[in-house]
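K.L.:
Sequence:
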Amino acid sequence: MNTIWNDIKNNYNSGTNFTKILYINIGFFLIYKILFVFSFLFETEGITYFTENYLSLPSNKSLVFKKPWTLISYMFVHLDFFHILFNMIWLHFGSKLFLQYFNGKQLVSTYILGGISGGMLYIIAFNLFPAFQDQVDTSVVIGASASVLAIFIAIATYQPNYTVSFPFIGRVELKQIAIVLIVLDLLSISPDNPGGHISHLGGALFGYLYISLLKRGTDISVNFYKFIGSFSLKNKSKLRKVHKRNKKKNDDDFRNNKSEKQKKINSILEKISKSGYDSLSKSEKEILFKESK
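FYI, in this note's numbering the residues of the sequence shown are 66 to 358.
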């Protein structure tokens, strides 16, 4: 078990940014499912309550202000196996195409900013349209769909005529797939799951705007990635400086202590040569005895 865990850690640490996003999503899902089993066995609703109230993104504006981290956490949370399965398949498909033209930093930024965009459109829609007034206090949204769609729409906007092959369908251009996905989400806004489909459209909108700005020379993902990376980089930098400072201090202390000991030994040996061993004090004899050992 320890070997398996070490392999997972090594794969995560040495993997691409796509691998890290994939592992985080799967890790959250597995932890949730394990805790859900224990909640079921002990007849508690702890994990369900925690997920709905602290990880899911609420549509109520006041709740979002109280729990701003949910704008990020919701895009890594899945409760259903098929939900995460299809999202990760699309994530793999979109990321594979995306990374042919862009780098891993841009992928991470598009994933997170696309998810935030999807969450913001969901919040705006539920507080704006009369159809959602009865749900605004209780509705929440989860899942990576908005983030995944942002990545796919971004690459479809950048390379609209790029073709991919599907079994039984043949070769299809990315722009055609993008149009079908957006139309399906628009038509799927209904009483069943309106928040999810609205957030998808928000992610798609970000993907399109990101590439539109990029073509004009503005890459908004660069500064955002620097922003989210600055926290870990600063911490690492501070740790390195502290470590080096302490190491230097320890080395100096060691050298000073060694020098002081050597001076004492030399003084004792000199005293022996002049007056003999019996002239040594009790403490001097103990020092000489310890050093001889």
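Bear in mind the hints are in silico, worked out from the structure with no lab data behind them.
Certain hints may be false.
[Stated by the list, open to error] Derived pair list, reagent style BS3-like, types lysine-lysine, alpha-carbon separation capped at 25 Å:
hint: 1; residue 1: K131; residue 2: K280
hint: 2; residue 1: K132; residue 2: K329
hint: 3; residue 1: K347; residue 2: K326
hint: 4; residue 1: K85; residue 2: K161
hint: 5; residue 1: K161; residue 2: K291
hint: 6; residue 1: K170; residue 2: K240
hint: 7; residue 1: K170; residue 2: K329
hint: 8; residue 1: K291; residue 2: K280
hint: 9; residue 1: K347; residue 2: K291
hint: 10; residue 1: K240; residue 2: K347
hint: 11; residue 1: K98; residue 2: K74
hint: 12; residue 1: K98; residue 2: K126
hint: 13; residue 1: K291; residue 2: K240
hint: 14; residue 1: K161; residue 2: K98
hint: 15; residue 1: K291; residue 2: K85
hint: 16; residue 1: K74; residue 2: K161
hint: 17; residue 1: K326; residue 2: K336
hint: 18; residue 1: K326; residue 2: K170
hint: 19; residue 1: K98; residue 2: K85
hint: 20; residue 1: K336; residue 2: K347
hint: 21; residue 1: K85; residue 2: K74
hint: 22; residue 1: K336; residue 2: K161
hint: 23; residue 1: K74; residue 2: K329
K.L.:
Hints first: check each against the structure and report whether it holds.
P.N.:
Going down the list of hints, with the structure as the test:
Distance restraint check for K131 and K280: the Cα-Cα separation of roughly 37 Å exceeds the 25 Å cut-off, and the hinted pair is therefore not satisfied. Of the supplied pair hints, the one linking K132 and K329 is violated, its CA atoms being roughly 64 Å apart against a limit of 25 Å. A C-alpha spacing of about 17 Å is found between K347 and K326, which places the hinted pair at or below 25 Å, so the restraint holds. Among the hinted pairs, K85 with K161 is consistent with the structure: their alpha-carbon atoms are about 14 Å apart, no more than 25 Å.
Restraint check: the Cα-Cα separation between K161 and K291 comes to about 23 Å, which is no more than 25 Å; the hinted pair holds. The suggested pairing of K170 with K240 holds, with an alpha-carbon distance near 24 Å, which does not exceed 25 Å. Our distance criterion of 25 Å between C-alpha atoms is broken by K170 and K329, whose separation comes to about 60 Å. For the hint pairing K291 with K280, the CA-to-CA distance comes to about 21 Å; that is within 25 Å, so the pair holds.
Taking the CA atoms of K347 and K291, the gap is near 65 Å; set against the 25 Å cutoff, the hint is violated. A threshold of 25 Å between alpha carbons decides the hint, and for K240 with K347 the separation of about 92 Å lies outside it, so the pair is violated. Of the supplied pair hints, the one linking K98 and K74 holds, its CA atoms being roughly 20 Å apart against a limit of 25 Å. For the suggested pair K98 and K126, the alpha carbons sit about 29 Å apart, so the restraint of at most 25 Å is broken.
For the given pair, K291 sits about 31 Å from K240 by alpha-carbon distance, which is inconsistent with the 25 Å threshold. About 28 Å separates the Cα atoms of K161 and K98, which puts this hinted pair outside 25 Å; it is violated. For the given pair, K291 sits about 17 Å from K85 by alpha-carbon distance, which is consistent with the 25 Å threshold. Distance restraint check for K74 and K161: the Cα-Cα separation of roughly 22 Å lies within the 25 Å cut-off, and the hinted pair is therefore satisfied.
Proposed proximity of K326 and K336 is supported: the alpha carbons are some 15 Å apart, at most 25 Å. Distance hint between K326 and K170 is unfulfilled; the C-alpha atoms sit about 55 Å from each other, more than 25 Å. A C-alpha spacing of about 20 Å is found between K98 and K85, which places the hinted pair at or below 25 Å, so the restraint holds. Distance check on the hinted pair: K336 and K347 sit about 14 Å apart at the alpha-carbon level, within 25 Å; holds.
With a C-alpha separation of about 10 Å, the suggested pairing of K85 with K74 holds against the 25 Å cut-off. For the given pair, K336 sits about 79 Å from K161 by alpha-carbon distance, which is inconsistent with the 25 Å threshold. Proximity of K74 to K329 is assessed by CA-CA distance (about 51 Å); at most 25 Å being required, the pair is judged violated.
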